[in-house]
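Make the full structure from the sequences, and use the hints.
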Amino acid sequence: MAAVSDPTAMAFKSYQSKAEVLVKDYLISEPFIPYSSVFGGLLACKMVYDLTQLISTFYLKSYNGLTKLQRIEWNNRGISTVHAVFISAMSLYFVFWSDLFSDRRSDGLVIFRNSPLSTFSLGVSVGYFLADLGMILWLYPSLGGMEYVIHHSLSGIAVAYSMFSGEGQLYTYMVLISEVTTPEINMRWFLDMAGMKRSNAYLINGVVIFFAWLIARILLFIYIFNHVYLHYDEVMQMHVMGYLLVLVVPSALGIMNLMWFAKIVKGLKKTLAKRQ
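The sequence shown lines up with residues 1 to 276 when you count with my numbering.
Incorrect hints may appear among the rest.
Simulated restraints on C-beta separations [as the list claims (entries may be wrong)]:
| hint | residue 1 | residue 2 | range |
| --- | --- | --- | --- |
| 1 | V207 | L54 | 31 to 37 Å |
| 2 | I157 | Y59 | 23 to 29 Å |
| 3 | K263 | L137 | 37 to 43 Å |
| 4 | S62 | Y232 | 46 to 52 Å |
Worth flagging that the hints you see were computed from the coordinates, not collected in a lab.
On a predicted model such as this, the values are computed, not experimentally measured, just so you know.
Where is the CB? At the ideal position from N, CA and C, for every residue including glycine.
Right, here's the structure in full:
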């Protein structure tokens, strides 16, 4: 038995060492992080889509009563919810808790700072934006109109540039904090599809959306514009593409956020009026 098991054990160790070399030299090697992380993001989207479909089919009765297109959107919103939780958590960490972008550090301009982890996280987000934009265009306009195409295109381009160039990652993460509102928006849609539009959960979720949007997509953007103003001498040292993205993308998204916020306020008022 020992004679048989020894070659097997040696072969297993050989494959293990080759796998470790592959992961170390390619998948998590700094030059390959942007590519491996984007691929990982795309793969994660596929896995979450399938898991959402599987879990919903067996445990949610309302899911099986949906149309095919509604089930696709349900699964798609499962992807966006998981991505939002991941990227908003990473964004809050890098902006407020990590010292990577701290003004107290003296090792280079904040606009050019990055790390393997910050680059990897942005790559996962690029993978998500590619997958989601692809689904939106494939089923257009069922999963969202032109405003969603513009939003995802601007976001994807800005995140991809920041990931590949290493420039302006701080501002990219500041903007991505706004993804914290996505789970609440998706929950509103899930509750609607489940026939719970008149429930207390639907009302509470609407109130949470109002305050989350106000903080993460209105006040936060004011903070971003103020930070750019205070560090404008550094922003001017970026390449032209990065400079334009820092100025244009938050401005465009900020305007869209205000337009959507007006709809949120209108919807909340209508819901509260029906309760009275």
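Verification of the hints:
Checked against the hint of 31 to 37 Å, the pair V207 and L54 passes, with Cβ atoms roughly 32 Å apart. Between I157 and Y59 the C-beta distance comes to about 38 Å, which lies outside the given range of 23 to 29 Å. Look at K263 against L137: about 23 Å separates their beta carbons, and that is not inside 37 to 43 Å. Under the hint 46 to 52 Å, the C-beta atoms of S62 and Y232, about 51 Å apart, fit the expected range.
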